[in-house]
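Number of protein chains: 2
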Amino acid sequence: MSNSRPDGSSSETVPAAPARGLSRRRLVAGAGALGVAGAAAGFFTGRATAEPGEAGEILDLSRRYEFYTGGHQAGIATLPQRYCVFMTFDVTAVTAEAVKVLLARWSAAIAQLMAGLPVGSIEPTRSGAVAADTGEALDLAPSGLTVTLGLGPGLFDERFGLADRRPRLLEDLPELPSDQLRPPLTGGDLSLQACADDPQVAYHAIRDLARMARGSANTRWVVLGFGRASAGSGQTTPRNLLGFKDGTRNLTSAGELDEHVWLGDGTDVDWMTGGTYQVVRKIRMDIEIWDADDITDQQGIFARKKISGAPLTGKSEFDTPDFSATDASGDLVIDPTSHVALAAHENNDGIKILRRSYNFTDGINDLGQLDAGLLFVSYQRTPASFIALQRRLGASDRLNEYIAHVGSGIFAVPPAPTKGHFLAEDMFA
Amino acid sequence: MSNSRPDGSSSETVPAAPARGLSRRRLVAGAGALGVAGAAAGFFTGRATAEPGEAGEILDLSRRYEFYTGGHQAGIATLPQRYCVFMTFDVTAVTAEAVKVLLARWSAAIAQLMAGLPVGSIEPTRSGAVAADTGEALDLAPSGLTVTLGLGPGLFDERFGLADRRPRLLEDLPELPSDQLRPPLTGGDLSLQACADDPQVAYHAIRDLARMARGSANTRWVVLGFGRASAGSGQTTPRNLLGFKDGTRNLTSAGELDEHVWLGDGTDVDWMTGGTYQVVRKIRMDIEIWDADDITDQQGIFARKKISGAPLTGKSEFDTPDFSATDASGDLVIDPTSHVALAAHENNDGIKILRRSYNFTDGINDLGQLDAGLLFVSYQRTPASFIALQRRLGASDRLNEYIAHVGSGIFAVPPAPTKGHFLAEDMFA
Numbered sequence: 006m007s008n009s010r011p012d013g014s015s016s017e018t019v020p021a022a023p024a025r026g027l028s029r030r031r032l033v034a035g036a037g038a039l040g041v042a043g044a045a046a047g048f049f050t051g052r053a054t055a056e057p058g059e060a061g062e063i064l065d066l067s068r069r070y071e072f073y074t075g076g077h078q079a080g081i082a083t084l085p086q087r088y089c090v091f092m093t094f095d096v097t098a099v100t101a102e103a104v105k106v107l108l109a110r111w112s113a114a115i116a117q118l119m120a121g122l123p124v125g126s127i128e129p130t131r132s133g134a135v136a137a138d139t140g141e142a143l144d145l146a147p148s149g150l151t152v153t154l155g156l157g158p159g160l161f162d163e164r165f166g167l168a169d170r171r172p173r174l175l176e177d178l179p180e181l182p183s184d185q186l187r188p189p190l191t192g193g194d195l196s197l198q199a200c201a202d203d204p205q206v207a208y209h210a211i212r213d214l215a216r217m218a219r220g221s222a223n224t225r226w227v228v229l230g231f232g233r234a235s236a237g238s239g240q241t242t243p244r245n246l247l248g249f250k251d252g253t254r255n256l257t258s259a260g261e262l263d264e265h266v267w268l269g270d271g272t273d274v275d276w277m278t279g280g281t282y283q284v285v286r287k288i289r290m291d292i293e294i295w296d297a298d299d300i301t302d303q304q305g306i307f308a309r310k311k312i313s314g315a316p317l318t319g320k321s322e323f324d325t326p327d328f329s330a331t332d333a334s335g336d337l338v339i340d341p342t343s344h345v346a347l348a349a350h351e352n353n354d355g356i357k358i359l360r361r362s363y364n365f366t367d368g369i370n371d372l373g374q375l376d377a378g379l380l381f382v383s384y385q386r387t388p389a390s391f392i393a394l395q396r397r398l399g400a401s402d403r404l405n406e407y408i409a410h411v412g413s414g415i416f417a418v419p420p421a422p423t424k425g426h427f428l429a430e431d432m433f434a
Numbered sequence: 006m007s008n009s010r011p012d013g014s015s016s017e018t019v020p021a022a023p024a025r026g027l028s029r030r031r032l033v034a035g036a037g038a039l040g041v042a043g044a045a046a047g048f049f050t051g052r053a054t055a056e057p058g059e060a061g062e063i064l065d066l067s068r069r070y071e072f073y074t075g076g077h078q079a080g081i082a083t084l085p086q087r088y089c090v091f092m093t094f095d096v097t098a099v100t101a102e103a104v105k106v107l108l109a110r111w112s113a114a115i116a117q118l119m120a121g122l123p124v125g126s127i128e129p130t131r132s133g134a135v136a137a138d139t140g141e142a143l144d145l146a147p148s149g150l151t152v153t154l155g156l157g158p159g160l161f162d163e164r165f166g167l168a169d170r171r172p173r174l175l176e177d178l179p180e181l182p183s184d185q186l187r188p189p190l191t192g193g194d195l196s197l198q199a200c201a202d203d204p205q206v207a208y209h210a211i212r213d214l215a216r217m218a219r220g221s222a223n224t225r226w227v228v229l230g231f232g233r234a235s236a237g238s239g240q241t242t243p244r245n246l247l248g249f250k251d252g253t254r255n256l257t258s259a260g261e262l263d264e265h266v267w268l269g270d271g272t273d274v275d276w277m278t279g280g281t282y283q284v285v286r287k288i289r290m291d292i293e294i295w296d297a298d299d300i301t302d303q304q305g306i307f308a309r310k311k312i313s314g315a316p317l318t319g320k321s322e323f324d325t326p327d328f329s330a331t332d333a334s335g336d337l338v339i340d341p342t343s344h345v346a347l348a349a350h351e352n353n354d355g356i357k358i359l360r361r362s363y364n365f366t367d368g369i370n371d372l373g374q375l376d377a378g379l380l381f382v383s384y385q386r387t388p389a390s391f392i393a394l395q396r397r398l399g400a401s402d403r404l405n406e407y408i409a410h411v412g413s414g415i416f417a418v419p420p421a422p423t424k425g426h427f428l429a430e431d432m433f434a
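From first to last, the protein sequence lines stand for chains A and B.
The working numbering puts the first residue of the first sequence at 6, with every later residue one more than the last.
The working numbering puts the first residue of the second sequence at 6, with every later residue one more than the last.
These aren't lab readings, by the way, just hints derived from the structure by calculation.
Be careful, since some hints might not be right.
Partial pick of chain A residues on the chain B-facing surface, computed with a CB cut under 8 Å [said to hold, decoys possible]:
no. : residue
1   : Ser132
2   : Asn223
3   : Thr224
4   : Trp226
5   : Gly232
6   : Thr241
7   : Ala297
8   : Ile300
9   : Gly373
Just so you know, these numbers come straight off a predicted model, no measurement behind them.
C-beta atoms are modelled at their ideal positions from N, C-alpha and C, and glycine is treated no differently.
Generate the whole structure from the sequences, applying the supplied hints.
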């Protein structure tokens, strides 16, 4: 169980074993022992105490990630933090120069924010001085903040003379089966994904970056993710708001990331080398209707057991599903239209995507029902991977009775700059 | 610096010194040293490692509070946890017996939830079995969850024969200066305040309690608080989304709580002895407009310095404001219409209320602006205390240019039951 850190975490970690068990109490007791042992180890070695977002009992908010790595942007392979604020923007600036200035200013600010610093002075240094930083994160720990920038297809239209820089694969997603998209929740010329182990730190980052964009870009849509719903290597698999473990078969190893996520040499546009494509979907879940469904049916829909997360053909969460196993009556144990069967790489020509999702709630809807769902975020070498998977899922997934894709966006994610440079700088070259 | 625990926390704590300083980096370094030392101490003594919601770097999610204390309900004097989900309900049941059954079921479920347990089985024990618990908190630590029940004025109308049990002071709040209330965000026959150091644990509690209420009570309004904005004894004062420390002069000592919050013997209705009154206001903040105001003006509006939180007449956060101090030109240093001056007990016949507020965001409003604010929650022996303060603030507070009270509710909070009993049981006697 290795914790690869392609994004330059500034602190080493003591890997914590995922907590497993049947009752919440038992899990807690188990995780407690591990967590505290981890904390003590951390004290004597100067290392951090637990994975961010780990289901254990001790959460270390001191973690800081480096922005100027010159490698991949942080917030992709980075072990998923607990919270996320995702926002997209419409560029209102009319020149490429103005876009350049915005990206340069954002880059400098993101470096400050990830280091746990304000984006500028708050002191009343002169009469009429307006604070450069809004201040609400002043006393908060860095909390493992990462901010990840994405560039939408609209940035490469006729406005900025960037059409010939457009990554060939960056196109608006096609209409997909079961789409129920609401236009105000789709698209955007730019995206910012701020993830942290304190939601106020993530919100502060997005707020101050949005503020900095005034006059150049307007806010378009935003989702506040309040619970991690994807796991990285060594993290406990979290649960979505349907109560099921989500992302058991997620990508974790560096090898898989290289194969399925990162754009290597030979990319059509040089400035995207080391980058990737981000797909975001705001998925509404009819949780009240779901809650009325019986457990056996729920388990059949996912093809996993609710408590353990094991496939219906296995005993433990990480057992490989057996899609050909039959029961006593000769029927397939795993329904081919179950979520797991439709999404499995075995049934999709080996397609894998890196999922990095978060649970959200929008309160109560017009019908008085709880309004909640999943902020689905995935990273992949080619949007075609997501499109192929969602075509199958959207057409056949038994889960579609309970979910609706209402928001959507696609973004090209450039690599991280080195010091003295800014995000997507090479795009303008 | 004592950490009084009237609510029966099940784990002792190592008090962590509040981190103070000028730069976010400096604070982080200071808190880090304390946090890791605390974690190690916790390992060897079996004690918890840091205050919940503390600005330090180590967050202990193992804390559990006891429900069946027979004393005050948890979630009031309890040190404010980091996150909160607040929901109100309209009772649709038509008999007092149905209300009684709901409160009995809720009480049993709250006891389970606070102990870190599911509210019932998730196993498919029989064909067609529906899960009793929705499952999304199954692997999560207890996270210091508290759930606090409030009873609204509507519960004592003609429907349930409870009119003669109504606490005399429980009346709808009068219209207050500057009110911009939106009816869908006001009132409710019942309130549930779930606070925890993991927002998914708080959301799970509210969701499962709302689910349990189906057929007896409908959801009315809800706010998800993503950042603590009030401090208890020994906690670092947190910041609201205006970037200022909020609640520096909050009640903290047990003596003050007895004097200003808890209903003692001689209460007009016996069943409220040990209870209190809860006032809730959803306060929208025009943070984008606020951010354009200069720091000196902002500081004048609060009468506090933004970074340190010190009153304009003092040097440190906890210095007592001097409301009669004048500057070189003979003008008062603290504007009498500043927030601090209008709210101070010195200027309000000694009135004090216990504030327990949270920052929230509702995303982006129709104008494309960040939609955010403060879920103000206060507890007091008499609603008249809140009413008096808000009459003055609503009429004159310079802050009113930037805020609007859009939601409102008032609730009677009964004491906690002992084992074998349920919340407000004595009300039916």
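Now the hints, each set against the structure:
no.	hint	verdict
1	Ser132	holds (7 Å)
2	Asn223	holds (5 Å)
3	Thr224	holds (5 Å)
4	Trp226	holds (7 Å)
5	Gly232	holds (4 Å)
6	Thr241	holds (6 Å)
7	Ala297	holds (6 Å)
8	Ile300	holds (4 Å)
9	Gly373	holds (5 Å)
The structure fails none of the hints (numbered hints given earlier).
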